[in-house]
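Keeping their order, the protein sequence lines are chains A and B.
Heads up: the first sequence begins at 882 in this note's numbering, then just goes up one per residue.
Heads up: the second sequence begins at 521 in this note's numbering, then just goes up one per residue.
Hints were generated in silico from the structure; no laboratory data involved.
Possibly wrong hints are sitting among the right ones.
Here are some of the chain A residues that sit facing chain B, going by a computed Cβ distance under 8 Å [claimed, not checked]:
1. I884
2. F886
3. N888
4. N889
5. M890
6. P891
7. Y899
8. G910
9. N928
10. N930
Ideal placement from N, C-alpha and C gives every residue a C-beta, glycine not left out.
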Amino acid sequence: MTIEFDNNMPIYLQIMNYIKLQIVTGKLGPGEKIPSVRELASELKINPNTIQRTFQELEREGVAESRRGLGRFVTSEDEKIMTIKKEMAAELLERFIGGMRELGFDNGNIVKIVSDSVEDGPRETEGNQSGPTA
Amino acid sequence: MDPLLELDSVNKRYGKKVALKDVSLSVGQGRIIGLLGSNGSGKSTLLRIAAGLLVPESGSVRIKGRRPGPGSKALVSFMPDRPQFESWMTVGDALDFQRDFFADFDADKSKRILEFMRLSRAEKTVSLSKGMQERLQLTLALSRRAALYLLDEPIGGVDPVARDHILDALVEFYEEDSSVIVSTHLIADIERIFDEVLMIREGSLILQEEVEQIRLNSGKSIDQLFKEVYAEC
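Excised from the complex, chain B in its bound form (with noise of 0.2 Å):
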């Protein structure tokens, strides 16, 4: 079976500034996985190539065998790390606009998230807190039943009960046999949920690895490793 998500040898750059350089990796189905990098690492770019929003200067994509386009897109559920509504729409507006656009829109589960997320339909959006709209991009993103859900930095936002919130959201809503893949440049919090991990540093894919395996094998938290791999630098 094709992964779900495929890169080889991915190149890209903004100007002359580099952003990923020569990154291939594979993810499987069923996991939930930590993109894990500082600001600036490259981490959104990836996120971006592999959602179709960016193409990549040289290497190749593959969204469970297929080129990036309209075909892919449709299995790829992406939230990105600015708020994709109107400032006219309200909850409901926006919700209904993510209906529209996408066929795999699961109206019910929909009506649950946004129930466990506490917000209503009625309310506009420019009135939002940065939490609230942080919790209607996730409830945007996770409404689809897609096979890849491309997460930029959920969390970023928010205080740390909100955080749990939207962690407890994640585990409950995201549907087994797809794959999650979260950017976060804010581990301890949320390492608890992960499978396996990429870590990210100035473009290039520096480690991916199962979490247990490195709790086992080093003893150490996912954030104790981030933060030495990143102190060399």
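Okay, chain A solo, but in the shape it has when bound (with noise of 0.2 Å):
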């Protein structure tokens, strides 16, 4: 896997997201065994403590769950996955309204832009939605 890490921002957050993509994508599915911190960290060139502070925050969002002396394992519940789309889908959902809102669109229009565009497939307005990819 490769990561276009973004220095302005917390690395274990970038790796979150990036895992979490991974598992909403079905790239990681549930259940599946997560690298080691070692292979991780390798592999990401990033610091080990750096991606043991990535699966902390993981397992505590019940993301991830860890059996003793197997390793780590995307949670397997189903639901879990979906409340992790819909936060992510909500999450570009807030940047994209607040670009709208600063270009000055109403809530009427930004609907109307979104109904239009999702009609029409995707349009050179939509090019400029820039943000974190990882």
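With the hints as a guide, dock the two chains, each given alone in a separate frame, to form the complex.
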């Protein structure tokens, strides 16, 4: 896996988002084993302590669980995975709506632009929607 | 438990020039620490004092609670910013020399690092490029199973690709219960591997903080913060 890191943001948050994305898109299946701290550290070329922290946070959020002596696994609860998906969508939306309001669009206009855009397929107006990609 | 490295009010002068001014710090186990500062800010002096190669004028230095001496040197692996091998040596000779000097030299690990660095024992050290010399230096330092690694500018003279390779080696071969202090003025390329950074300016320690905390609190990269801090002077 590769992540383009943004040095202005805590790296553990970027790795968390990356792993969540893998889970939501099914690249890491429910109940699947997550690479070890050491493996991920040398793969992403990141300090092992940072990876450790990432995993602790993922466990705290219930996204991953560790089984003694066996390693860490993606949660097998479909509901939890759905929740992650919704949270990630909410974040995207929040950024999008914030950006649209900054451009001066009101709620009605935002809804119209979105629905037009969805019907026509992707248009150029979507291109400048920036943000961390991890 | 004693910290790995502890400096208390350390002062050092070269003639009239102040090199370190009242430096106190403490380094715990299992951390990769960036020692950041512009040229001449006192980074090398600090590392040399921690390595027991320089004696401070005042203040105390403790390595796992011990005063600097043969006992502490056995715990500390120091990589100087200049080659420490002789011109007659091959890469193999340099490694054998290191092995004979240090009881914690790990032949197996050394072999793996050598391969990773794409160095061969038969090569003459004089014919190595600057980048390859740095790789050999790092190989020598990391081949030991030390408690504390002090690396003085390990990425100073190499191009960005080689730099990445050296950083990868660091992450790959550092022992989890040991700590590494890396001095550098090239921050953007290396900040992803740090736990915390020490910033030193004109001999004074001006900051010791966790890098993720800096990013979280300020929304800035370490590189950016560094530039702001040093632009003030």
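Now the hints, each set against the structure:
no., hint, result
1, I884, "violated, 10 Å"
2, F886, "holds, 6 Å"
3, N888, "holds, 3 Å"
4, N889, "holds, 5 Å"
5, M890, "holds, 6 Å"
6, P891, "holds, 4 Å"
7, Y899, "violated, 14 Å"
8, G910, "violated, 28 Å"
9, N928, "holds, 5 Å"
10, N930, "holds, 5 Å"
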